[in-house]
Amino acid sequence: MTTEPTIKREAVADHHDGDHTGAPSVWSPARWLFSTNHKDIGIMYLVFAMFAGVIGFGLSGMIRIELMEPGVQYFTGLEGSWGDQHNYNVVTTMHGLTMIFFMVMPALIGGFGNFFVPIMIGAPDMAMPRMNNISFWLMPFSFGLALLSMFVPGVNETAKGFGGGWVLYPPLSTSGHPGSSMDLLILSLHIAGISSILGAINFIVTILNMRAPGMTIHKMPLFAWALLITAFLLVLALPVLAAALTMLLTDRNFGSQFFDPAGGGDPIMFQHLFWFFGHPEVYIMILPGFGIISHIVSTFSKKPVFGYLAMAYAMAAIGFIGFIVWAHHMYTVGMGVELKAYFVAATMVIAVPTGVKIFSWIATMWGGSITFTVPMLWAIGFIFLFTVGGVTGVMLANAGVDHMLHDTYYVVAHFHYVLSLGAVFTLFAGWYYWFEKMFGIKYNAPLAALHFWLMFIGTNMIFFPQHFLGLNGMPRRYVDYPDAFEFWNRISTYGYMITAVAMIVFFSGLILSMIVRKKAEANPWGEYATTLEWTLSSPPPFHQFNELPVVKNAGGH
Amino acid sequence: MFDIVLNMREELRETRKAMRLHGLKLGAAIAGALTVGAGAAFANEPVAMALGPQPAASAVAENVTWFHNYVMVIITVITIFVTFLLGWVILKFNAKANPVPAKFSHNTAIEVIWTVAPVLILFAIAIFSFPLLFEQDVEPTKQKLENGEYAEIAPEDWVTIKTYGRQWYWSYFIDTENADGEVEVVEFDARMIAEDDIPSTPGARRNLSTDNPLVLPQGKYIRMNLAASDVIHSWAMPAFRLKTDAVPGRLNQLWFKAEKLGVYYGQCSELCGRDHAFMPIEMRIVPQDQYDQWLSLAANDIDEATTYINQVAPRPAAPVRVASAQ
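Protein chains in written order, with the numbering used here: chain A, 541 to 1097; chain B, 8 to 333.
Keep in mind the hints are simulated off the structure, nothing from the lab.
Mixed in with the good hints, there may be bad ones.
[Stated by the list, open to error] When the alpha-carbon atoms are kept at most 27 Å apart in a straight line, the in silico BS3-like pairs for lysine-lysine are as follows:
#1 B:99 x B:110
#2 A:982 x A:1058
#3 A:1092 x A:759
#4 B:227 x B:267
#5 B:110 x A:897
#6 B:227 x B:151
#7 A:759 x B:110
#8 A:982 x B:103
#9 A:1092 x B:110
#10 B:169 x B:227
#11 B:267 x B:151
#12 B:99 x A:897
[Claimed, not checked] A short list of chain B residues far from chain A (calculated; beta carbon distances all over 12 Å):
#13 155
#14 156
#15 166
#16 191
#17 219
#18 268
#19 315
Note that the coordinates shown come from a computational prediction; the quantities given were computed from them, not determined experimentally.
From the three backbone atoms N, C-alpha and C, an ideal C-beta is built for every residue, glycine too.
The task is simple: from the sequences and hints, build the whole structure.
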């Protein structure tokens, strides 16, 4: 870029810095198939994630409907049923894989990350726009392969699909499922991994090289920080998953015995490799959400984020420590006690930077002048619910009590609190915060608020009783349970029904806003929405920042 | 190193007693209320509408219960505290109540406090957590007698059992000496009692009872070696707070003391395929003489042994099902 930089932060909805000419028609297939526009690609990721989310939510509905009562009602294996208990295991497996790889990650990283990180750092697009497109289009292929895997032989001709949990432990995933289903799933995850690794490279290069003049790393918005750290986690962790997946593939098809004790292999080695990826993966899912919450809390408290540097480096600390705690998922495999003790200590350490963030968000609100817009409702709900999920994590970190709680519904409750009531709440918070910026129309506020309250009540009703189930000994991944566990399972299923209504309200609100088409403003949130996206029109021009903005003042993140 | 840990554990137990008596009565009472199922009698199985862990079946299990309650108090206080702060902020600093926002974004003192305080809280958890972990994972060599003295645990005080996880049942192997002094292996399988057979089997629990229970002698230390023949399974016994994976090609080990007579249930705790939910564990702790008789019968015919143990140590009557009819 050789044009002189001009001061742009005062310009609001100014078209000098934008370029509407050359924007292809929305109906042109080439615009989407061959896109090199970070905003278009972000939208595609969000649409994809919504589609996958509906499927994942339906799968969990099948689980909750089956578990409402003791006994097997729907997975009986009889004519006209949903399948048998193997198929139930397939449903739980696919629910986890869908929500993690095809909903949360595409929405937060591919969706919001792609759309807003270049804008927030004052860049015209990502560093590698064409690779960005490849990253996206690999995802429908990956998801297609995963869905296909449900309908081809898994264990044998009649038992279709892979029913070994999203963690894919051998020998169940090798000799336990000789059919091609598992091979399709391995390829699916390889492709999703490539998509994310390429995307992560793109984010790192973009953020490190393309910040506008004056935007040092320490003036960058916290959402950009979050994506930078997440990208490093992806680049370092995903190759280990790829290696583990490849070893499964060769064990299954090419005669290797990495995980077969008869050939000197070790099933536990897979678990180490998997969780070396798996634990950073959960931070990959939550860190972008942390960034979103910082923006929202600051905007609607009319205050700058409290302790910006501490917030940025807390995320970095969480990311770093997240690499050295993986075996807290493996306390029952027969590990030596000293090694377990190390992992207990390291896991508990993560509570410190996480606590710093929770308290800093509250301190941002302290002394502020808070308006309870819909994004703010989601953000406050997140802070409370993530705390609940986080403290049950502290309980589980202690191996002495984890022996009792491992593989029970207590663990299911814990991770759904930090994911469904944590990451998903940040997702909806970001959705409503940035809705009118992305789409140029306003969301329906009453329906959005109703969506929040129904979701809050519903998800709590699903997952809070599961703590009781786990404490009293109900194992996870069970199609049926001893009669004594009925009561809380029933309550949990009622909670699902309320959540389903919440999702109907969400889609109704979306459709209604698309019909009403109330025109969006460039900045509906006021002077405390201080990041660069609010200086652009809604929606932003097809190409922004043909002339780079110059960042002068340091404040207002 | 283990001696230091064990001594620490002893001191901590005394400290815990003192804390329980002097400081934490309220917290322990609340936590204690949460650990017992609502309106349920003592049971070694899950209980309808239960809120907490199954009652502890051994001293080590009691320690796990205690530690859980202790951490529960801490995390409940933290959660209430954060909720209170959020409530305060919502009430005091909403736009109506506070139209002009403050401008501060730093306060070194509070930042130090909210970094150091969590570290101290984690430390307060860790000092009890590590001894508990070592107690569970390290086989004891000494036991405390009723008069307060310590005695060595003799090899005869241990019963070693090998447990194999299979798709989809458990196999147990116990070494015994026959009349000629030769070592014989008592081997039997334990399969879930089918749902259709439950009504005709007195005291049987659906999805929990097995055709042949694992019988153990009261007062002995039990060493269990775990392996699997096909995929990973996991042997769990909630009343004893035990769970160790049964992995093919690997021999894992756990220990516990069979302290109280009774019937105990557990369930497979690692996804192992189609019938993962249908390979439970039933354990009965019986007096030594009944165990000896059961073992000698089992050496010949497990069915005879099971019939015998069902006569002398039957399952208690099944609880009335609280839930609605099917």
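Checked hints:
no.	hint	in the structure
1	B:99 x B:110	holds (16 Å)
2	A:982 x A:1058	holds (6 Å)
3	A:1092 x A:759	holds (10 Å)
4	B:227 x B:267	holds (11 Å)
5	B:110 x A:897	holds (19 Å)
6	B:227 x B:151	holds (14 Å)
7	A:759 x B:110	holds (18 Å)
8	A:982 x B:103	holds (25 Å)
9	A:1092 x B:110	holds (19 Å)
10	B:169 x B:227	holds (16 Å)
11	B:267 x B:151	holds (17 Å)
12	B:99 x A:897	holds (21 Å)
13	155	holds (25 Å)
14	156	holds (27 Å)
15	166	holds (20 Å)
16	191	holds (28 Å)
17	219	holds (19 Å)
18	268	holds (20 Å)
19	315	holds (26 Å)
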